[in-house]
Amino acid sequence: MRPLGPEDDQAARVLHGAVPAPDLAAASPLPSDALLAVGMLDGADLVGIAALVATPAGPPEISVLVGPGARGRGAASALEGEVLRRAAGRWEWVQHRTVESDLPSRRLAARCGFRLVSVEHLVRPAPSDD
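If you read the sequence shown in the UniProt record's numbering, its first letter stands for residue 1, the second for the next number, and so on.
These are computed hints drawn from the structure, not numbers from a lab. Take every hint as true, because none was put in to throw you off.
What follows is a set of in silico ranges between Cβ atoms, one per label pair, in the way DEER data are often shown:
id, residue 1, residue 2, range
1, P127, P59, 33 to 39 angstroms
2, R106, P20, 17 to 23 angstroms
3, D129, R90, 49 to 55 angstroms
The structure displayed is predicted, hence computed values, not measured ones. Glycine included, every Cβ here is placed at the ideal spot set by N, Cα and C.
Construct all of the structure, not just a fragment, from the sequences and the given hints.
Here it is, written out as C-alpha cells:
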C-alpha cells in the first residue's frame, strides 16, 4: 500500500474500467481530486484505492474502490483503515456515506468503526399531470 498522487490518475482510470458501473456511482475519485489517497498494488497493478474527498458541507467523505479480482480478501478494510490512520490529527471527523441497499458498504463502515448517525430519504419526483 502506498500514497497516491496525480501521477496515479491513469492507473486509477484503468481500475475504474475494471469495476462494474453500479460500483462506480459513489466511489470513483481520481487521486488528483482527493484530499488524501492510498492505493493497494498487486505487483505494478493498482487493485484498490481509498480516497478522502471534500464535501460541500460537513466532514470529508471516504471513498473506497476495489477491483473484482481483489475483493473478499480484506482489501477494502485495509484501504479504508489506512486512510483513517493518515487522516488522524488532520480532520476531526470523516464520513462514510452509503445507501441502505449497499450491504457490503454498510458492513465495511461498521468494520472500520463508523457508526450510523443519520438516515436520508430520497424520492424520484414524478411528473405532474398539470
